[in-house]
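Undergrad: One-letter residues, chain by chain:
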Amino acid sequence: AQTVTQSQPEMSVQEAETVTLSCTYDTSENNYYLFWYKQPPSRQMILVIRQEAYKQQNATENRFSVNFQKAAKSFSLKISDSQLGDTAMYFCAFTYNYGQNFVFGPGTRLSVLP
Amino acid sequence: EPEVTQTPSHQVTQMGQEVILRCVPISNHLYFYWYRQILGQKVEFLVSFYNNEISEKSEIFDDQFSVERPDGSNFTLKIRSTKLEDSAMYFCASNPMAEQFFGPGTRLTVL
Numbered sequence: 062a063q064t065v066t067q068s069q070p071e072m073s074v075q076e077a078e079t080v081t082l083s084c085t086y087d088t089s090e091n092n093y094y095l096f097w098y099k100q101p102p103s104r105q106m107i108l109v110i111r112q113e114a115y116k117q118q119n120a121t122e123n124r125f126s127v128n129f130q131k132a133a134k135s136f137s138l139k140i141s142d143s144q145l146g147d148t149a150m151y152f153c154a155f156t157y158n159y160g161q162n163f164v165f166g167p168g169t170r171l172s173v174l175p
Numbered sequence: 045e046p047e048v049t050q051t052p053s054h055q056v057t058q059m060g061q062e063v064i065l066r067c068v069p070i071s072n073h074l075y076f077y078w079y080r081q082i083l084g085q086k087v088e089f090l091v092s093f094y095n096n097e098i099s100e101k102s103e104i105f106d107d108q109f110s111v112e113r114p115d116g117s118n119f120t121l122k123i124r125s126t127k128l129e130d131s132a133m134y135f136c137a138s139n140p141m142a143e144q145f146f147g148p149g150t151r152l153t154v155l
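Line by line, the protein sequences give chains B and P.
Take 62 as the starting number for the first sequence in the numbering used here and just add one per residue.
Take 45 as the starting number for the second sequence in the numbering used here and just add one per residue.
These are computed hints drawn from the structure, not numbers from a lab.
This one's a predicted model, so the numbers in the text were calculated from it and none came from an experiment.
One or more hints might be untrue.
[Said to hold, decoys possible] One-sided and incomplete, this derived list gives chain B residues near chain P with beta-carbon spacing under 8 Å:
1) Val80
2) Phe96
3) Arg104
4) Gln105
5) Val109
6) Arg111
7) Gln112
8) Ala114
9) Tyr115
10) Phe125
11) Phe129
12) Asn162
13) Gly166
14) Pro167
Note that beta-carbon positions come from the ideal geometry of N, C-alpha and C, so glycine has one too.
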């Protein structure tokens, strides 16, 4: 069975600073996808970034980037130049089988402080 | 940009009543999903649906739950006899491949 772990239930960061959210996962699959979703207070689930396991290059999306370590089964999210609007729950998610069998981590609540 | 929509945004019901939550997935997507998120907890998979049938379901998705695609656009989740513990946000999602696109959710409150 696939599992996703996020060891930081809560984090805070000062506005304009950089923060890294951790995620580890366990799977026996070789081809899979990893995602970070953001859930602001509105509770909408918003895709932040995705990473295909077969790609060695770490994904980046503007201020968001990942550090994907396949051997270590680690997938951390770095947010640079944090903004107040980044305050949200962040969920790490895993899927194989072309997008089915999504498994979410328990989430990290990030607060960006002015 | 196309998006997944859900109605209603908030549903209040009495314990034991039936509720139907509605979703309109993105039109060219083939896979549809329902998830549940109890307040303050993680997102839990309920069921996936492909080619007009359930492809996978979790332990949560017991006989009280059913899904249907009654026409070419809607995808519904029915809870036959709601319990207090069914109070949660219910998210619909769809995808063509890989990442899932989520609707805004329906907040279900069972009194």
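Undergrad: Can you list which hints this structure breaks, lowest number first?
TA: The structure breaks hints 1, 5, 7, 8, 9, 10 and 11; every other hint is satisfied.
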